[in-house]
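All chains should be built: construct the whole structure from the sequences, respecting the hints.
Take the sequence shown: its letters are residues 1 to 401, numbered as in UniProt numbering.
Because the hints were derived from the structure by calculation, they are not lab data. Note that the structure is a prediction, hence the values are computed from the model and not measured.
Capping the alpha-carbon separation at 27 Å, the derived lysine-lysine pairs in DSS-like fashion look like this: (1) K285 with K342; (2) K342 with K358; (3) K360 with K394; (4) K394 with K359; (5) K394 with K218; (6) K360 with K307.
Okay, the calculated beta carbon distance ranges per label pair: (7) A243 with Q189: 23 to 33 Å; (8) E312 with M388: 26 to 36 Å; (9) S164 with L300: 35 to 45 Å; (10) G294 with D244: 26 to 36 Å; (11) E309 with Q276: 17 to 27 Å.
Built from N, CA and C at the ideal position, the CB exists for glycine as well.
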Amino acid sequence: MPARLFAVVFGVLLTPSFLLGQVGGDRLIARISRDDANGDGKLTEAEFTGPRRLFETLDGDGDGVLVIEEAAARLAKVRSNVAKAIENRSEEMGNQSQREAIRRRLQETRGGARARVEPDHENIRYGDHERHVFDVYLAETEADEPAPCMIWIHGGGFRRGDKSEGGLFARSFTENGIHYVTLNYRLSQHAIAPACFEDCARALQTIRYNADKWNIDKTRIAIGGGSAGAGLSQWIAFTPDRADPLADDPVLRESTRVSGIILLNAQTSYDYRWIQEHVPGEAWKGDGLQQLFGYDVDRLDEISDAKFELIEECSPLNHLTADDPPMMLFYRRSSDPEIAEKNAMDGIHHPIFGTELKKKADQLGVGCEVFSVENENDMRVYNQRWTMAVDFLKRQFESVQ
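This is how it looks when you write it as structure tokens:
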């Protein structure tokens, strides 16, 4: 393959310019492996010494943990797709330029859902802080007919992350007639809980208030997210409606109720006592939780009653009731408790969180589906999560029409 063509193809496929200089996947994986100081086969973004955009590209589900074996498989698939695209380039050319033909072919091989797209409306403000913004991706629908909407909240341990990460999944929804919104919120270094929870609730109310502007059907809105974003989504969905019909601010008069929930690698409680009881290992000691609520695990006896009340208030599982919407949860990990014992990052994203939520949901008669990865077939299911999520939401939206 000519070097220049390889660079063009690789650049189109993976987007980040820093990948253009990588000649072989083996060297790239070797470099990533060197960052794995404890040899557990996983890297958090803090451990990763490469560019952030590379981490995001290789982190398949955006949960903030890079599994080196999966990253190698992803890179191998990328290289295979590049080869296939070049083999078929002659039939793609037509009247297009070589670059445009290859771009289109590569987008097909990698799947449109993983191609980052630009929002139709960017950085719409919902508050005063610099992170009080969201992006709107409009669905392909009839202009005069309001369409349902999916709101996505990014993860990152409440300390990092950005709404742009959700752009990777936008097409899965917009190409199926569902508007899509991704939002930012204050991180814990800006303000501890309940700031981020309140931010996301107000963002939802702002979206509803402006529904006519973007042709959104405000009666058919779903919410979801990955990791931290999954917890924020649950909290909004499970807590009582925040609409205040007497509020001076018209935004606050809008409802926070939703039609369905999609969650990736979700925590369902942020109470370290609950986590310590249900999840093996040291996930309960997580720095993210300490910073979110402002406590020190080495000084637990100093936590006030008010702080415990806040932790309990922000733990979604405590608020689930029979009138809450159905949900679908996906976990990239096995349900084997031993993985939580061995690695705290696996623990804080463990399917135990989901199965405990399902126990309560089943008792209340709330729809709750939980998927984990126990074998190759389960991984194939996980890789179809966006198709499954869209089908699930369509059923929920139809039920409220």
